[in-house]
Structure formats: structure tokens, C-alpha cells
Amino acid sequence: MSVLTPPQRRLNGGDRQANSALYTIVMARLRWDPRAREQRCLRTRGAAIAEGSAVSAVTTKLSHGASGALRRFAGWVARGSVGHPLLDEIDYGDELRDSPSQMEALFAIFANVLELDDQGEPVNEPHAERRAAVWIYRYCTGNMPPGEPEFEGWEVELH
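My numbering numbers the first residue of the sequence shown as 536 and each following residue consecutively.
Keep in mind that a hint or two might mislead.
With beta-carbon atoms standing in for the labels, derived distance ranges [said to hold, decoys possible]:
| id | residue 1 | residue 2 | range |
| --- | --- | --- | --- |
| 1 | D568 | N678 | 17 to 23 Å |
| 2 | D626 | Q654 | 33 to 39 Å |
| 3 | C576 | D629 | 41 to 47 Å |
| 4 | R572 | D652 | 15 to 21 Å |
| 5 | Q654 | Y674 | 29 to 35 Å |
Since the hints were derived computationally from the structure, they do not count as laboratory data.
Using N, Cα and C, we set each Cβ at its ideal position, and we do this for glycine too.
My request is simple: use the sequences and hints to build the entire structure.
In C-alpha cells form, the structure reads like this:
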């Protein structure tokens, strides 16, 4: 077991996938959400800040609704139940487990598409899951599902 210094510590314990997803969400929020940027500025203004502490400051403010959506999505991925019924005939678990960068891309799509209201509650969780499922479908089959639009750059961007 290694000793982790504060900039490297796990954000919520030892779950690497959840930590990666949480980090992706925070980076997306810091980039696109003015409220998150303002919070970061308020938290870091006038202080000597160690690398990574701005991320920690924002993650402490992740709403229960957002963290709940992330936990549910991580559970669906782990159980292989994302995207029912679109992915019923596709066994994507082994492919994603063997490719951490593809797992990161999957969580990035979910986080990028997920929208939150002013209280931090998800307003389009089923749509975010659907877009993630479409990405899995395309990754595993090489084709988009019939009737689904192509991904836009902001949906698949890694932050």
C-alpha cells in the first residue's frame, strides 16, 4: 500500500473508476459552469494553494443529486445494465474493463451530457445514460444505432 500525498489522494476512497469519473465531472464543471469557476475563485483567492486543492474544493460541493447520478451510472456500468434495451445483445463489460481509456471516455460522455438544475439535481439523467449507451454501441459495433445522431464534440471531450 502506498502513501498518497494530498494532491494525489483518492477523492472518495479507493474506487479508481468513480474517482476518474468524479474528476472528469469536476473538470467539465470548472471549464463550462460559471458557478463552479466562481466557487473555485472564492475558495482559492488569497491563499497559497497546493496543486489539486481547487479540484478538492469543488468536489466538496458536488451535490447529492450529481453524486447519486454518478454512483447509479457506475453501478449500471459495473453490472452491465447500461442502456437497456439498446445494449441487451452486446457484452461490453470485458472490452471496457480491458481499456481504461475507453472507460474514462464513457464516464466523460455521461458527465458532459448530464445537466443539473440550480440546486444541483440532475434534470436529464436518462438522456445522459442513453448517450453513453449509444457510445458503447458504436464502440462495440463500429456503427451508430439507427436513428441516433452523431456525437458532438462537447459530448465526447475529455477535460
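Structure-based check of all given hints:
no., hint, verdict
1, D568 x N678: 17 to 23 Å, "33 Å, violated"
2, D626 x Q654: 33 to 39 Å, "38 Å, holds"
3, C576 x D629: 41 to 47 Å, "43 Å, holds"
4, R572 x D652: 15 to 21 Å, "18 Å, holds"
5, Q654 x Y674: 29 to 35 Å, "34 Å, holds"
Against the hints set out earlier in the document, a violation occurs for number 1 only.
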